[in-house]
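J.: Now for the letters of each chain:
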Amino acid sequence: NAGVTQTPKFQVLKTGQSMTLQCAQDMNHNSMYWYRQDPGMGLRLIYYSASEGTTDKGEVPNGYNVSRLNKREFSLRLESAAPSQTSVYFCASSEQGGNYGYTFGSGTRLTVV
Amino acid sequence: RKEVEQDPGPFNVPEGATVAFNCTYSNSASQSFFWYRQDCRKEPKLLMSVYSSGNEDGRFTAQLNRASQYISLLIRDSKLSDSATYLCVVKEVTGGGNKLTFGTGTQLKVEL
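If you read the sequences in order, they're chains E and B.
Be aware that the first sequence starts at 1, since it is given in the working numbering, and climbs by one per residue.
Be aware that the second sequence starts at 1, since it is given in the working numbering, and climbs by one per residue.
No wet-lab data here; the hints were simulated from the structure.
Heads up, some of the hints might be wrong.
Stated by the list, open to error - Ranges of calculated distance between the beta carbons of each label pair, as one might list FRET restraints:
| # | chain 1 | residue 1 | chain 2 | residue 2 | range |
| --- | --- | --- | --- | --- | --- |
| 1 | B | Arg-41 | E | Leu-69 | 21 to 31 Å |
| 2 | B | Lys-79 | E | Asn-65 | 42 to 52 Å |
| 3 | B | Arg-76 | E | Asn-99 | 43 to 53 Å |
| 4 | B | Val-93 | E | Asn-28 | 35 to 45 Å |
| 5 | B | Pro-14 | E | Asp-56 | 19 to 29 Å |
From the three backbone atoms N, C-alpha and C, an ideal C-beta is built for every residue, glycine too.
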């Protein structure tokens with residue numbers, strides 16, 4: 001009964017380093033999402049994948065890339081981390097229509113120094 | 001204007017009190033509405049969907065007014081465990097699929 005699993009839970013990067021945040025869901029959902037959450041800003045959509053094989057930009061895609069590896073997995077990559085990317089990152093998934101809301105992973109707390 | 005607006009609070013209420021949160025949204029084409037709960041340093045979790053006719057789940061009642069583009073959440077008989085941030089969420093259907101827009105949340109603190 002894992003739901004949405006994110007790794008790692010915490011990460012500290014130096015400016016310019018790269019890393020990939022992993023996300024996997026076991027609910028057979030078609031759609032997956034990456035959000036970032038910053039104080040006073042709410043959750044902002046970075047990228048999403050409506051179904052396997054498709055990805056689209058969200059509200060704040062700059063500095064990020066994504067891969068929908070298969071139906072279960074959706075990864076987020078920071079190619080050259082910047083201090084402005086310090087944030088909490090949440091992965092989420094939903095059935096195609098999203099009529100029952102999204103299920104979120106427990107988040108990755110990323111600090112870029 | 002923000003797409004989804006909420007009073008950030010905090011709302012400090014005594015245990016047993018009734019508290020109401022409000023939310024307004026800007027896109028009249030929005031199709032579905034939700035309230036999420038987020039505990040400190042945790043992920044958001046779905047609290048309840050909001051239906052046009054209004055709906056209730058135990059101590060929680062949600063209302064939607066499409067004409068005014070307004071959503072509310074009422075919590076009766078507040079418990080200490082209700083302390084959290086409550087996020088108003090609006091779903092739109094776009095060319096690229098569904099899109100959820102989150103409010104910044106209203107913080108509730110229930111005190112003894």
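J.: Measuring from beta carbon to beta carbon, are B/Arg-76 and E/Asn-99 in 43 to 53 Å?
T.: 27 Å, violated
J.: For the hint 19 to 29 Å, verify it against the beta carbon of B/Pro-14 and that of E/Asp-56.
T.: The hinted range 19 to 29 Å is violated for B/Pro-14 and E/Asp-56, with Cβ atoms some 46 Å apart.
J.: Using the Cβ atoms, figure out if B/Arg-41 sits within 21 to 31 Å of E/Leu-69.
T.: Taking Cβ atoms as reference, B/Arg-41 and E/Leu-69 lie about 28 Å apart, which means the hint holds.
J.: So does B/Val-93 sit 35 to 45 Å from E/Asn-28, Cβ to Cβ?
T.: Violated: the Cβ-Cβ distance is about 21 Å, outside 35 to 45 Å.
J.: Using the beta carbons of B/Lys-79 and E/Asn-65, state whether their distance is inside 42 to 52 Å or not.
T.: Since the Cβ atoms of B/Lys-79 and E/Asn-65 sit about 43 Å apart, the hinted range of 42 to 52 Å holds.
In terms of the numbered hints stated before, the structure departs from hints 3, 4 and 5, listed from lowest to highest.
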